[in-house]
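The listed protein sequences derive, respectively, from chains A and B. Quick note: my numbering has the first sequence finishing at residue 663, numbered continuously throughout. Quick note: my numbering has the second sequence finishing at residue 1130, numbered continuously throughout.
By construction, these hints were calculated from the structure, which means they are not laboratory data. Among the hints, erroneous ones may be present.
In the DSS-like style, the derived pairs of lysine-lysine whose C-alpha atoms are separated by at most 27 Å in a straight line are [stated by the list, open to error]: (1) A:527 / A:405; (2) A:502 / A:350; (3) A:405 / B:1022; (4) A:257 / A:141; (5) A:232 / A:221; (6) A:439 / B:1052; (7) B:1052 / A:463; (8) B:1052 / B:1022; (9) A:316 / A:242; (10) A:471 / A:439; (11) A:471 / B:1052; (12) A:458 / B:1110; (13) A:257 / A:282; (14) A:108 / A:178; (15) A:242 / A:252; (16) B:1052 / A:421; (17) A:405 / A:458; (18) B:1110 / A:439; (19) A:471 / A:178; (20) A:172 / A:80; (21) A:184 / A:208; (22) B:1028 / A:184; (23) A:141 / A:221; (24) A:458 / B:1111; (25) A:221 / A:256; (26) A:421 / B:1085; (27) B:1110 / B:1127; (28) B:1130 / A:458; (29) A:458 / B:1127; (30) A:233 / A:184; (31) A:234 / A:502; (32) A:256 / A:379; (33) B:1052 / B:1110.
FRET-style restraints, in silico, Cβ to Cβ [said to hold, decoys possible]: (34) A:261 / B:1080: 20 to 30 Å; (35) B:1035 / A:467: 43 to 53 Å; (36) B:1080 / A:80: 27 to 37 Å; (37) B:1069 / A:453: 38 to 48 Å; (38) A:478 / B:1062: 40 to 50 Å.
Quick caveat, the model's predicted, so the values are computed rather than measured. Each residue gets a CB set at the ideal place from its N, CA and C atoms; glycine is no exception.
One-letter residues, chain by chain:
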Amino acid sequence: MQRIGVFVCHCGTNISATVDVHKVAEILGRESSVVYSTDYQYMCSEAGQNIIQNAIRDRHLTGAVICSCSPRMHETTFRKTAARAGLNSFMVEIANIREQCSWIHKDKEDATQKAIAIGRAAIAKVLLNTPLVPGESPVTKRALVIGGGIAGIQAALDIAEAGFEVDIVESKPTIGGKMTQIDKTFPTLDCAACILTPKMVDCAQNEKIHIYSYSEVVKVKGFVGDFEVTIKKKARYVDENKCTGCGACIEKCPMKKVPDEFNLGLSNRHAIYIPFAQAIPKVATIDAMQCRMLTSGKCGICSKVCTAGAIDYKQKDQFIEQGYGAIVVATGFNPISLDKFDEFAYSQSKDVVSSLEFERLTNAAGPTNGVLLRPSDGKHPHTIVFVQCVGSRDTTCRGKEYCSKICCMYTAKHALLTREKYPDTEVYVFYIDVRTPGKGFDEFYRRAVEQYGVHYIKGMVGKVVPRSDGKLEVQASDLIMGEQLHIDADLVVLAAAMESDKSARPLATMLTASMDTNDFFTEAHPKLRPVESPTAGIFLAGACQGPKDIPETVAQAGAAASKVIGLLVKNTLKGNPCVAQSDELMCNGCSSCEKVCPYGAITYVDKEFKMPNRTIAIRRVAQVNPAVCQGCGACTVACPSGAMDLKGFSNKEILAEVDAICR
Amino acid sequence: MDDNRIEEREEIERISGVDVRKCMRCGKCTATCPCYDEMEYHPHQFVCMVEKDEIEPLLKSKSLYKCLSCFACVERCPRQVEPGKLVEAVRLMVIRQQGRNHLNPDMIVKKLDDRMPQQALVSALRKYSK
């Protein structure tokens, strides 16, 4: 005879305002097998948990039903409570009467009836539950960081600091990411390179950190604690171990007219190149699409001038397989393409630039050595118009519906620095809203207006028309004055929205990590687990999770690293016992389950079965590797013969719940 | 022309001591103004227009004499811009010119009635004539 206890939580007024909790406890208490039923203000509090523990001990409960919030919130809490009182954790069922009942209903009578039905379903299920014991799996004490920008660098340094091996995989020839392209950082205006490059050097010199530059993750297998990752090291046609970064090959390379992506096409580079002077690793890379030797077989100059003998035209892509316990995703962002914003004449005039291009135009290491010059004629611009929210807060197909968050501050920075360096320049900023939450941020923006005399105008730019005299005719609105403005500008700077890197979506598929509709990685809980993916063992850092600035990125990277360290210090991990199992007698060997399993947890074996009349038959049956199975349940749905079942969520248990609701 | 406009702005800023750049366009001054309905240009417009050197329309505006100088806008501005002082400065720019007094002693006789306090006359003369 089973003895079930029912515990109904008020959740303050979250539940009790719309659900008559006393009535729920009273009616569920009358269910057969229920020997104890009560309600309490906060079941998750210490006092509430004591009620549960005492009831389990005193009433010799064999199962418990907690009518409370979502199991995502407190299932673990209540399972631990039960375990402390000597009840198997998997004999606890959560009836979600908050998110699925009280929060979404207004009528108290109806909501109470629904809460009772949800409670009944949970009782029906717990009656069929069996005690489960989680298995243990080992932890590979090595972390992978995907993306070598400031987020990846900070995460890697923090993990290495704790004594664990870390690999950084970066798709570009150098680590450093977007921050290497930036001139100064808001709101303190310290030089980006001065604070970033020492960290890059730290990564290179740290013996716990290994950098795979010009590399990509191509395959991920396994699960938390035991990921098997294949990394493709793209052929750079230069031996990384031999190259000294002297640059002799670059000087002599005859292919000089390749648009330099580091300067966003504002200058040219050679076919063999090092992106910038402080690159890590400081190793040359040959652009295979541009190199004469690789495209036509006629040249080979770099090989002749290289004294280290590092050039290798026959180098092939290399594939490296490595095991990891945890993975940090730090794939970052890109500005959106401005091709669809014709009204700003971005593709018509060289003097209409994106903010990142402006960043290069003012960077001491940029194409103009930090002197602000118009890209078209190399003259000093006297009137500059900044346009904010280009593609941000735009629900049409050409933009992004979200706020890109950093544009207000970097535009204020650009405007302020321009007025500081060139006081003879008139600077206009067109904005919809100025959003400057952050320490010292609003003060910074106000400084641009009050001290440096930047003209902030509430309104948008309607169109930019390049004139034959080289000026840009800007037509805009000033909503506060209620008038249309016409400004003859020399330079127009567009604050393009930021979007998740293109590599993020395929990577998320490989990692089985979830994403939102904007291709930003989803966090396990938006408030309480902001640096973890819902997929165990995957952690998030930086703009791959949503638009954010450098301080936030660094903070998040540090938080992700601490989560990784917390995982890697463990020798073994308790697995999830709610895994699939196959009933070999019912399995018909069709392979449907094997095909749908996203984790590769199912294999088929030939097994001998005793048949009537002492004969033996060999049948092909499915077997589940419980260490790999994540309990997603796809196989149980795919199985045509009902042989596949999920422990803790068996077909019988689910149907009993449905029956209880329909009763 | 442009230089003249900038000179006018600087003069207004000097008289009033107001730094128009401190304004962040929240509209508190206009929201609080008891003379809103009487005014052609409202307190926030004074600030915006002075910043943009558009002073000519302000000098001609009747709004200069509708302002009560109650200084509610000065009191409530979150950025200490003090728009009321700006209105006063623009008015001073006008009445300091030859023959531009808005109120002369001989005009007062017509306006006298039993309920008018003496003090109102004194302050009106101070406010509207040099």
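### 27 Å Cα cutoff - pair residue 471 of chain A, residue 178 of chain A
Violated. Residue 471 of chain A to residue 178 of chain A sits at ~31 Å, over the 27 Å cutoff.
### Query
When you check the alpha-carbon spacing of residue 405 of chain A and residue 1022 of chain B, does it fall within 27 Å?
24 Å, holds
### Query
Are residue 1069 of chain B and residue 453 of chain A spaced within 38 to 48 Å by their CB atoms?
29 Å, violated
### Message
residue 1028 of chain B and residue 184 of chain A were given as a pair; does the straight-line alpha-carbon distance stay at or below 27 Å?
### Response
35 Å, violated
### Query
Given the proposed pairing of residue 458 of chain A with residue 1127 of chain B, does the C-alpha separation stay at or below 27 Å?
At roughly 34 Å apart (the allowed maximum being 27 Å), residue 1127 of chain B and residue 458 of chain A break the hint.
### Task
Return holds or violated for the Cβ distance of residue 478 of chain A and residue 1062 of chain B against the range 40 to 50 Å.
24 Å, violated
### Query
Holds or violated: are the alpha carbons of residue 458 of chain A and residue 1111 of chain B at most 27 Å from each other?
Violated, at roughly 44 Å.
### Query
Straight-line Cα separation of residue 257 of chain A and residue 141 of chain A no greater than 27 Å?
46 Å, violated
### Message
Would the hint linking residue 184 of chain A and residue 208 of chain A be met if the CA-CA limit is 27 Å?
### Response
Violated: residue 184 of chain A and residue 208 of chain A sit about 30 Å apart, past 27 Å.
### Query
Is it true that the CA of residue 471 of chain A sits at most 27 Å from the CA of residue 439 of chain A?
38 Å, violated
### Message
Given the hinted pair residue 172 of chain A and residue 80 of chain A, is their Cα-Cα distance within 27 Å?
### Response
46 Å, violated
### Query
Does residue 252 of chain A lie within 27 Å of residue 242 of chain A when you go C-alpha to C-alpha?
19 Å, holds
Checked against the numbered hints given earlier, the structure breaks hints 4, 6, 10, 12, 14, 18, 19, 20, 21, 22, 24, 25, 26, 28, 29, 30, 33, 34, 36, 37, 38 and satisfies all the rest.
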